[in-house]
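Student: Residue-level listing of the chains:
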Amino acid sequence: MFEYCANPDSLEGLTWLSCYLTTGKHLSFYTSFGTVLLLLAITAPVALAFGFGGAAMARSKVGPARLFGKSYISIVRGVPDIAFFMFFVIALDQGFEYLRHQAMCPDWDQPIRQGNDFVVCSAAKLPLSTSPQWIHEVYGFFLAVLTFAIVFGAFAANVIFGAMNSVPKAQIETAWAYGMTTRQTFWRIIVPQMWVYALPGLSNLWMVLIKATPLLFLLGVEDIVYWARELGGTKHARFTDYPHGDWRMWYFLALLVFYLAFTKVSEVVLDKLMKRLSLGQATAGGEALRRAAQ
Amino acid sequence: MKRLLGTAFALTLSSGVAFADTVRLGTEGAYAPWNFLNDNGEVAGFERDLGDELCKRAAVDCEWVTNDWDSIIPNLVSGNYDAIIAGMSITEDREKVIDFTQNYTPPDPSSYLALSADVDLAGAVVAAQATTIQAAFVAGQGWTVVEFATPEESVAAVRNGEADAVLADKSFLDPFVGQDGLVMLSRMEQIGGGVGMGFRKSDTELRAKFDKAIQSMKDDGSLNELIAKWDVATQF
Amino acid sequence: MSCMQTISDYGLRSIGIGERLLPTSDFTLCQQFTLIGSGMIWNIYFGVLALLAGFFLATAVALGKASANAWVRKPSQWFVFLFRGSPLFIQFFFAYFLFLTLRSEIAFFEPFTAAWLGATIVLFLNTSAYAGEIFYGALQSVPKGDTEAADAYGFSGFTKFRKITWPTMMRLAWPAYTNEAIFLFHATTLVFFSGFPAWKQQGDALYYASYFADKTFNPFIPYPILAGYFILLTLIVIGLFSLINRRLNRHLPQLSRPKIRYRPKLFR
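Protein chains in written order, with my numbering: chain A, 6 to 299; chain B, 81 to 316; chain C, 119 to 386.
Heads up, some of the hints might be wrong.
To be verified - Derived CB-CB ranges, DEER-like:
| no. | chain 1 | residue 1 | chain 2 | residue 2 | range |
| --- | --- | --- | --- | --- | --- |
| 1 | A | 18 | B | 129 | 52 to 62 Å |
| 2 | C | 122 | B | 202 | 26 to 36 Å |
| 3 | C | 338 | A | 114 | 18 to 28 Å |
| 4 | C | 148 | A | 66 | 34 to 44 Å |
| 5 | B | 189 | C | 239 | 36 to 46 Å |
Claimed, not checked - Footprint (simulated), chain C over chain B, 3 or more residues, beta carbon under 8 Å:
| no. | stretch |
| --- | --- |
| 6 | 149-156 |
| 7 | 223-232 |
| 8 | 236-244 |
As the list claims (entries may be wrong) - Straight-line Cα separation of at most 30 Å, DSSO-like style, residue types lysine-lysine; simulated pairs:
| no. | chain 1 | residue 1 | chain 2 | residue 2 |
| --- | --- | --- | --- | --- |
| 9 | C | 318 | B | 176 |
| 10 | C | 192 | A | 269 |
| 11 | A | 277 | C | 281 |
Source of the hints: derived by calculation from the structure; they are not laboratory data.
No residue lacks a Cβ here, since even glycine has one placed at the ideal position from N, Cα and C.
Only chain A is shown next, with the shape it has when bound in the complex:
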């Protein structure tokens, strides 16, 4: 990074530290904070969409859809997220490749499962094996987002399902009295009003999501925990210009500070949001909501 870093052996104190903290590896570490934030920013709306779909299905009039929605919610929430993370990425990847294989290579005569191997035609591979590395990384990131969204979508579905049921019955009955269809009632009456009820649950979910990110490395994303472990581990002089002992402590301390600060900021922002929403609802419901959010 800096000119004087060319010969790290001769450096001491702060100069050494400034070189050490700007190695390519450390830059990757700093970038991974961005990766985590980006993942959170993308996952939140996607999980919300999953949750909305799940909740809408769970209260559907159609039997199979209701069954699907309800079992999605209860199965995913009954299982520790870590158990999903251990095999979901590979399962999703194989699922996509299988579908593409069926669509793109109809005249393929070999079996897809050859013993333990999972073999699809090369046109169906995701990403194509000729694609550059960054495409592979984006695809891996996409799979991680999808896994997170599926798991947290179930939690969101539960919150939204509860919120939809919290919309006062009188409102719905009034809508019917005005001659609205079920569909119109859903989109014009329930959906616009439910957000106020869903927000406390959703903001808690956001906090859960933040604290699930240390498990990202299980999904093949090189996240902050991955780099903290890698950088903190003992480094021998043979393999690096900056040998040191077991420094994982310090790196994890940095992560701790990051998470605490992030939680604090989220709390403040969500608090403000909640206050503003409650202000608009100068009703008993808004008042109760304000109390419930504390």
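Let chain A serve as the given structure and place chains B and C on it in line with the hints.
Tutor: Frame of chain A, contents of chains B and C only:
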């Protein structure tokens, strides 16, 4: 960050060899001196040098990918990369699932690291990385095994007195000798076989290419030079 | 080898009873079910112990947060913020490190680096913080009328708390507390995964699941088995907590009793 187009890539292009599919090499990147990330965050070590040379000889473009050790085989058979080159010992269990090339290093013994040279292993607490052949070996001996998630932590356990000794590959433990009073016991165990590259069973053609390249490196002695340079095992 | 034989060999393997060696080849479904089930003993052990002990500290923390005395309130607030604001993953790391340092100084801390004690302490503190926040929220919503009526009847001090405030607080907090219990059981899978070492290959359900995934190179069997066990456990927890909920609300008319709904009202 991992955009590591191997040197082989540049060479193939400049020498005008016919374009081949890119071969993706999967490694762990956390097992010095075999494979590790250097200060720039690139894959380096014995297997980086070896892999680049093998790709050159097999006339294929190679790309390096890092993957967690625990899921390195499931990701290979699932097709996320084409070969494993990660200090993986050739064992019977693994051969049921993937195919190996011939070994590129002779069997590397596993050795013990402890704070004193006269530890009685039978009554001692022996640390190992979880679900490794070493952990299974210690359990099989009827000793007390204590398993850690990473090799780093298993060595740290000896340093802080949680365990009396740690069992791991000798080449991994070598750099630790002398640090904080750690000594290597004279007793060694021959647990794993040699180390080879792993391929999908359905990928026989690619495996044959690399097998041939390894043979040619054995024949002209360049493999021994690499082994000596990184001090990973005994020579052939 | 019959499945019954496998169960008697490995059913209690996670606590060191039965076959010493884990199966190394020819893995059967029965072995996977038995060993992963055996590991659940640890998950239940951690969960139940932390929950029982955490209940009392949580009550204290909730009262502390509501206290007028800054010397009591501030530490309670910080305790809750620290444990709710950081991932459990990182809490385990620091706790293990702390216990290691302590034991090298004082012999008393010898057993603290083992999961059965060390991890239980971390989970206990963690759940106390979460439950403390829930109880605090409930304490704030105890109807003013209840306490005023208690004053009118001449209740005071501890009696008033025990007979009036506390039962109402429990009643209000119970649905959310049920969710906390479920999350806590899920969190126990992290103990051997990232925090504490496994001794003599005795670990929890996730430890054995990843053992099989590693040996068979097939993650699609052991992890779904693990998931199945946890769904069962979740159902049992919900069932037990509903019973207590019924008892807490037995004086209320049938229809106005709050039902236990599994809602992620809290964060981990």
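Student: Each hint should be assessed against the structure and marked as holding or not.
Tutor: Going down the list of hints, with the structure as the test:
Look at residue 18(A) against residue 129(B): about 34 Å separates their beta carbons, and that is not inside 52 to 62 Å. Taking the beta carbon of each, residue 122(C) and residue 202(B) are about 34 Å apart, inside 26 to 36 Å as hinted. Remark: the range hint 18 to 28 Å for residue 338(C) to residue 114(A) is upheld by a beta-carbon distance near 25 Å. Take residue 148(C) and residue 66(A): their Cβ atoms lie about 43 Å apart, and the range 34 to 44 Å holds.
Hint check: residue 189(B) to residue 239(C), Cβ distance near 40 Å, so the stated range 36 to 46 Å holds. Check on the stretch 149-156 of chain B: 4 of its residues sit with their Cβ under 8 Å from a Cβ of chain C, so the three-residue criterion for coverage holds. Note: the stretch 223-232 of chain B has 6 residues with beta-carbon separation from chain C under 8 Å; the three-residue rule is met and the coverage holds. Here the stretch 236-244 of chain B counts 4 residues with a CB under 8 Å from a CB of chain C, which clears the bar of 3, and the coverage holds.
For the given pair, residue 318(C) sits about 27 Å from residue 176(B) by alpha-carbon distance, which is consistent with the 30 Å threshold. Between the alpha carbons of residue 192(C) and residue 269(A) the distance comes to roughly 16 Å, so the proposed pair stays at or under 30 Å and holds. Straight-line distance between C-alpha atoms of residue 277(A) and residue 281(C) comes to about 37 Å, which puts the hinted pair past the 30 Å bound.
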